[in-house]
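Residue numbers (the working numbering), protein chains in the order written: chain X, 1 to 239; chain W, 1 to 374; chain G, 1 to 184.
I should point out that these hints are in silico values taken from the structure, not numbers from a laboratory.
Glycine included, each C-beta is placed from N, C-alpha and C at the ideal position.
Certain hints may be false.
[Stated by the list, open to error] What follows is a list of derived Cβ distance ranges for each label pair:
| id | chain 1 | residue 1 | chain 2 | residue 2 | range |
| --- | --- | --- | --- | --- | --- |
| 1 | G | GLN71 | X | THR78 | 26 to 36 Å |
| 2 | X | PRO169 | W | LEU190 | 44 to 54 Å |
| 3 | G | ALA73 | X | SER184 | 32 to 42 Å |
| 4 | W | LEU192 | G | GLY111 | 53 to 63 Å |
[To be verified] Per the computed footprint, the stretches of chain X lying under chain G, defined by three or more beta-carbons under 8 Å from a beta-carbon of chain G, are:
| id | segment |
| --- | --- |
| 5 | 218-224 |
| 6 | 227-237 |
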Amino acid sequence: MRPVFGKLWLATGLLALLGGNALAHDRLSPFHFQSQGLLGSTDKAAAQRGFLVYETVCASCHTAKALHYRDLEALGLTPDQVAGIAAGVKTANGAPATLNDTFPAPKIPAGAFGGAVPPDLSDIAAQRPHGARYIDHLLTGYAPAPAGVTLLPSYYYNTAYPGGQLAMPPPLKADDVTYADGKSATVAQQAADVSEFLAWSADPNLDARHEVGLRAVLFLVFLTIIAIASKRRIWRETV
Amino acid sequence: MNTDVKPSWMASRMPCLGGWWAGLTTPSMAREAPYLAVLPWLITAGLVFLTASGLVLAVYYNPADAFASRQFIAREVNNGWLIEGFHATGTTLVFAAAYLLLLRGMLARSYRAPGELVWLLDIVAFALLLLVGWLGFALTGGAAGYWSVMNATNAAMLLPGALGALGTWFFGGPDGPGTLARLLVLHIALALVIFFILWLRHGAKKAATPLPAPALRVAFHPYYTAQYFVALVVSALIGCVLLFFYPHFGQSPLNNVPGGPLALATGAGVPWYLAPLAGLSALFHGTYGGILGLAAGLVLLLALPWLDRSGPGRRAGGLWRLLTWVLALDVLGLGWAACGAAGGLSGLLVVVFGAWYFLHFLVLTPIVTALEAQ
Amino acid sequence: MAETSDQAMGTGEHSRRDFLTILTASAGAIALGATVWPMIDALAPDAQSDASGQMIVNVAGVAENTGIAVQWAGLPIYIRRLTAKQIADNRNLVQSSLPDPARFKSRVKPGYDNFVVVVGLNTGISCALEGNTPGEPRGPYDGWLSPCDGSAYDPLGRVRRGPARKNLVIPRFTFLDAAQIQFL
Numbered sequence: 001m002r003p004v005f006g007k008l009w010l011a012t013g014l015l016a017l018l019g020g021n022a023l024a025h026d027r028l029s030p031f032h033f034q035s036q037g038l039l040g041s042t043d044k045a046a047a048q049r050g051f052l053v054y055e056t057v058c059a060s061c062h063t064a065k066a067l068h069y070r071d072l073e074a075l076g077l078t079p080d081q082v083a084g085i086a087a088g089v090k091t092a093n094g095a096p097a098t099l100n101d102t103f104p105a106p107k108i109p110a111g112a113f114g115g116a117v118p119p120d121l122s123d124i125a126a127q128r129p130h131g132a133r134y135i136d137h138l139l140t141g142y143a144p145a146p147a148g149v150t151l152l153p154s155y156y157y158n159t160a161y162p163g164g165q166l167a168m169p170p171p172l173k174a175d176d177v178t179y180a181d182g183k184s185a186t187v188a189q190q191a192a193d194v195s196e197f198l199a200w201s202a203d204p205n206l207d208a209r210h211e212v213g214l215r216a217v218l219f220l221v222f223l224t225i226i227a228i229a230s231k232r233r234i235w236r237e238t239v
Numbered sequence: 001m002n003t004d005v006k007p008s009w010m011a012s013r014m015p016c017l018g019g020w021w022a023g024l025t026t027p028s029m030a031r032e033a034p035y036l037a038v039l040p041w042l043i044t045a046g047l048v049f050l051t052a053s054g055l056v057l058a059v060y061y062n063p064a065d066a067f068a069s070r071q072f073i074a075r076e077v078n079n080g081w082l083i084e085g086f087h088a089t090g091t092t093l094v095f096a097a098a099y100l101l102l103l104r105g106m107l108a109r110s111y112r113a114p115g116e117l118v119w120l121l122d123i124v125a126f127a128l129l130l131l132v133g134w135l136g137f138a139l140t141g142g143a144a145g146y147w148s149v150m151n152a153t154n155a156a157m158l159l160p161g162a163l164g165a166l167g168t169w170f171f172g173g174p175d176g177p178g179t180l181a182r183l184l185v186l187h188i189a190l191a192l193v194i195f196f197i198l199w200l201r202h203g204a205k206k207a208a209t210p211l212p213a214p215a216l217r218v219a220f221h222p223y224y225t226a227q228y229f230v231a232l233v234v235s236a237l238i239g240c241v242l243l244f245f246y247p248h249f250g251q252s253p254l255n256n257v258p259g260g261p262l263a264l265a266t267g268a269g270v271p272w273y274l275a276p277l278a279g280l281s282a283l284f285h286g287t288y289g290g291i292l293g294l295a296a297g298l299v300l301l302l303a304l305p306w307l308d309r310s311g312p313g314r315r316a317g318g319l320w321r322l323l324t325w326v327l328a329l330d331v332l333g334l335g336w337a338a339c340g341a342a343g344g345l346s347g348l349l350v351v352v353f354g355a356w357y358f359l360h361f362l363v364l365t366p367i368v369t370a371l372e373a374q
Numbered sequence: 001m002a003e004t005s006d007q008a009m010g011t012g013e014h015s016r017r018d019f020l021t022i023l024t025a026s027a028g029a030i031a032l033g034a035t036v037w038p039m040i041d042a043l044a045p046d047a048q049s050d051a052s053g054q055m056i057v058n059v060a061g062v063a064e065n066t067g068i069a070v071q072w073a074g075l076p077i078y079i080r081r082l083t084a085k086q087i088a089d090n091r092n093l094v095q096s097s098l099p100d101p102a103r104f105k106s107r108v109k110p111g112y113d114n115f116v117v118v119v120g121l122n123t124g125i126s127c128a129l130e131g132n133t134p135g136e137p138r139g140p141y142d143g144w145l146s147p148c149d150g151s152a153y154d155p156l157g158r159v160r161r162g163p164a165r166k167n168l169v170i171p172r173f174t175f176l177d178a179a180q181i182q183f184l
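Chain X extracted, bound-state conformation (with noise of 0.2 Å):
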């Protein structure tokens, strides 16, 4: 027994270095999400002032196709509340949208962007590596181009885009938003609301998840102690 506990215990350690290690080497924003880590849950305060964000401002161009309006009651808004979102927002046929609605896609002109598509956001935090953390980079990354970079008509340099050379204008504007709970509308403020906003959508079970597993390795770890238990005194028995 004892041979087997030693490998699961370097095991983990092994796992916490290589997490460790991928953290202290992460140059991407300073920020922490909630979300992040090995028992991180979604912050729901920032996410509903991320769709806020989301919904001011990325909904115009981006669509969620995933998401529907009584997904929202996920982040603790009430129905009531949600259904008011959503009678605020026509579907494709005009109609104000209803709970069940998905998130409608924004009709764009042919074109906009040099021809780039704006990707679907739905699960754009779990296509991009780090997740979270580049959303909020990239939205906060738009700097002037450094010498000897010629950008292309109509694009913008960004420190957090692979290339740098991004379609996207600088999407954020201090005070776009007016958040209901008073903090400052800043546009890292934004930016980082609305990465967890989009972390959650790319993961809407990440609380059940950490929470069940929790709960289901604490058992399993004392049902392995009682099961090698027995089977050491079921096996005393041969003698």
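Got chain X; can you put chains W and G on it based on the hints?
Just chains W and G now, kept in the frame of chain X:
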């Protein structure tokens, strides 16, 4: 007790149950089998688990719109994310057990007479498992899966003669909307064939294992039920850590992007258990290179009982064991490099690790075993 | 189970099931149940069909003597607000005069007896009924008329003239308040 009055209500009506139970409780097994001897049984249990979770997924899966239906499962179906996690993590555990089983067989040289048939059936089951795993990966409908299906279809149809006809039959012509529907059926059907192979293997293994003297035997129940239970619980614990805290373990994030001709895949993008194979198939160039690499890699495993030149009954020497461990690291490295993890060096590393694989089986194995036999 | 068969098969060994083994076996059974249950639960209706199955319809905008049609569970549902005259005419009909006797009370919800909610399919030859949109013929009983076999229904959805012999089906629904009904 009333056992004399009523020998058994069930046994008199269903004698096979009585025989089955008697077989489990009669001393018929060697004592103190190592924990790793449980691997074939763990693989079977894992496949049962995968069948159960897979059936639930199949209820909601839609091959005509694979990616969207997976979104639906994860977001709308009750516990859908959990069932998907069961299936993905279960696959990881089954493959981990399968790779370990092969490594253990090589270290213990159990593929030699009279165990050749067991080894051959192991490799056949392993090849089927890889195929079923790849089919499952193809069914995800992500960008990596999409391109993998595309490449496989093209390669299979370019094969000459009967092989090409077989490939066309398997995929149903060029990759079209019906391909995933057919791959879904094959995914399920071939998974059931694995159970049959494992059953054959169980029989062959029993025949190849000498029984100890009657005094040294113990019954399966309760001794080995207790031991198997420990192994099962430890696997479940490892599985839970992966499922709940590393749900995308060994998968490419690329596969979270819906597949399509515009979503270009870079690198192999295959899950970890297919990565060594992807490495072997990247080793050879040309039209048939990919399939040649795959086939050669598996044929070498099948040929191992005859590549080993040592006589029967000899224990494996230190050099052979060292080489086998090196091969295990080599296969890990091959998979790691095939995923493009080494950046610009990946191409070179695939060649180095792949070449070592062939060197190990074709040159080192016959020489070292022949030397050790003297 | 195992214990009884142990005795039944007469292997004769004494039971080794002390506290520890019973604890382990029970904990194992709990773990198995916790694994299997989510899979069974996953086959229950998903959030999408829950949401569309428990559809909420706003009926505040339905004027007297008009109706709306909605789709629910794949069926056309007709919702009509009755006039005082229609209610009075149909409240005290002699039951035995009807092909499929049904009381007024059994066709409406208590407290909301001016709303009739029915599945708009003829119960004779299956086809959609006319009389729900303005301008369509409502038949001699001011209800609905089948264009396929001429069966006529009254405003409560009771069949009054054949060949159909059954009243219109009433779907499962409740009034959340005076303005909203929810299908179950």
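For this session: Tell me, in ascending order, the numbers of any earlier hints that this structure violates.
Result: Violated hint (a single one): 3; every other hint is consistent with the structure.
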